[in-house]
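Enquirer: From first to last, the protein sequence lines are chains X and W.
Residues in the first sequence are numbered consecutively from 1, following the numbering used here.
Residues in the second sequence are numbered consecutively from 1001, following the numbering used here.
Hints are computed from structural coordinates only; laboratory data are not their basis.
These figures come from a predicted structure and were not determined experimentally.
Treat the hints loosely; a few may be bogus.
As the list claims (entries may be wrong) - The following residues of chain W were derived to be distant from chain X, with all beta-carbon distances above 12 Å:
1. Gln1051
2. His1055
3. Gly1056
4. Arg1062
5. Arg1063
6. Asn1064
7. Gly1098
8. Thr1121
9. Gln1126
10. Lys1127
11. Ala1128
12. Tyr1141
13. His1146
14. Met1255
Unchecked claim - In silico SDA-like cross-links for lysine to any residue, where the CA-CA straight-line distance does not exceed 25 Å:
15. W/Lys1218 with X/Glu233
16. W/Lys1127 with X/Trp127
17. W/Lys1050 with W/Arg1062
18. W/Lys1050 with X/Gln247
19. W/Lys1157 with X/Gln247
All C-beta atoms in this analysis are idealised placements derived from N, C-alpha and C, irrespective of residue type, glycine included.
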Amino acid sequence: MMGGPEAMNSTAPVQSAGHFGTGNRQNIRRRMLDTATAGAAWGAVLLTLGILLTIFVVLVHGSWMGLTQIGWRFFTSQAWNPVPGKDHYGVLAFLYGTGVTTFIALLAGVPLSIGTAVFIVRIAPCWMAGPVSFLVELLAAIPSVAYGLWGCFVMSPWLQNHVEPMIYASLHPIRLIPVGQYPSGQKAYFPSNLVRGGPSGTDFLAGGLILTIMILPIITAITRDVLAQFPAEIEHGAYGLGATWWQTTRLALDYGRVGICGAILLGMGRAIGETMAVIMVIGNTDRISASLFAGGQTMAGVLANEFMEADHPLYLSAMFYVALVLMVSALVTNLAARGLLSRIRGNLTRA
Amino acid sequence: MAPPQVTDMVGRLHGHSLPAPAAKTIPITAPAKPAAYAIEMENLEVFYGKQRAVHGVNLRVRRNEVTAFIGPSGCGKTTILRCLNRMNDLIPHCQVRGSIKIHGADVYSRRTDVMELRKRTGMVFQKANPFPRSIFENVAYPLRIHGVRGKHVLAAKVEQALRAAGLWEEVKDRLHVSGAALSGGQQQRLCIARALAADPDVLLMDEPCSALDPIATKGIEALINQLCQTITIVIVTHNMHQAVRVAHQTAFFYMGSLIESGPTDKIFNTPDHPQTLAYVTGQFG
Ligand SMILES: Nc1ncnc2c1ncn2[C@@H]1O[C@H](COP(=O)(O)OP(=O)(O)OP(=O)(O)O)[C@@H](O)[C@H]1O
Ligand SMILES: [Mg+2]
């Protein structure tokens, strides 16, 4: 950089090293500011990494007693009985609760989000795409306790009184596949077992549906961006071969499948970690039931509910253990999502 | 490759305000086949919003020949080409007036099945646009979307199309790698194969070689010379030499109007219109 002017004027006498000066006060101050800013940025990064690491270490440390005393049995037992002396801890029921609610949320949320994104990008006229997009993103700005309140006072009663009776009436009599028997000795059949117990309003279904609404914005927003990147040349190529609108849209979805998978995983991460809204509608019992109308609990839910009550060491350690499992599952889904999304960003910059 | 045979001059077109001094030189020797013309445009006008991009073009494209569209940038070549398979339907505010007939059928009739029209009127774009799928699936795409099922039928048709596009020998061992993994010239031939798989009777090519090196260009030109034995080809090109090499007929456009059209050697050697002469000799455009 500095060689430029000298090289151009090579016949000029070589200037002494002091030509650019050893720096006046102002330059020294400017350089110090550089160093300080860069240092602060590094510090912030290290602090963030440090916090992440600390959380992990604290979780492992906190759950150490559980890890050593309960070990793998934690994952095979569904009983959660914190009575001192006779206490027994298994995460299975909560793992199941998290899994089922997340599954319901994805089952309902993925088609809804992708449909909304397709509408925004490929159907809506310009004047509509913006506002619809904005409204969907606004859903992400609502605090989760507000969702919980709405779920508890509006959605749950509505489910209990209107939706679930209908589902019950249509599924209860259908006994297609035998799936073992209940403890009472009664035989269980699919899909009748999905509605066993009748409408309750505070159950897996309610938990799953509230999560559906909560994961909608993130999946929609990313899918929308991915679809918007579908190259016009390919679109015209497809139309030019006589493809219909839907066939071309399928090609666009196919083109963006990696990004859409990333979006779904991000939504899944959100569903796994979501706490407040879910505990307000899920019924909070540590049971595993195939019935959508049964109450349950999620990992995040049990932590929020019982944190204050964990008054003896093993109980507390078991709570930490739950938190560790939760964090690892959320971390894994998020990392997978980021991996997929960064892959498509890489494609974009290379293109 | 042999230079195109210019056998007759029925391709001489009307609709231009110039007197037609060439009229006396046109011997109508072509047999009076009912459909000597694959494409007939009458008074074609295209508007983008209020702006008129094409002014009353009358042009007939002969069947099983190669017709080149030439003219300076922005003169409406692409616009006209995209009218022929109704790709302009995709552009909002684009309005087409006049009539276009392909093999006698009115393209802009309300009863036209646009999907079928586009299947029968293949299009190759300036930039190769392979789909994000395997080579095989790229070529099978038009077959699949038009309801062809059955592994063996698909495989046979894909091979046939790839052979027709002169790509088979190069890709037969890696049909299942992504179409994007091919070289630029191969990608363009893949796109031609894809268009051919739909079994079109007309192939529209919009500057198909503009992104290719001379060797790949030669390959595509040889291909065009071969394909025109069975299908009608319209090719937009900025390359005068290419027009001379591949086209039987040439149409010269300027500012949205058809200035002159006719057999290629006439357009390039003894055009009627001074503007044409200026353009083909490289004095403007
Ligand atoms: N999508 C569009 N919207 C509005 N105007 C357009 C559009 N496409 C083309 N035009 C206009 O129509 C005219 C003809 O454009 P066209 O693309 O047909 O030219 P062309 O002859 O293909 O040029 P080139 O050789 O550069 O490809 C131009 O004036 C252009 O500005
Ligand atoms: Mg063009």
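Enquirer: So which of the earlier hints does this model not fit?
Expert: 8, 9, 10, 11, 12, 13, 16, 17, 18
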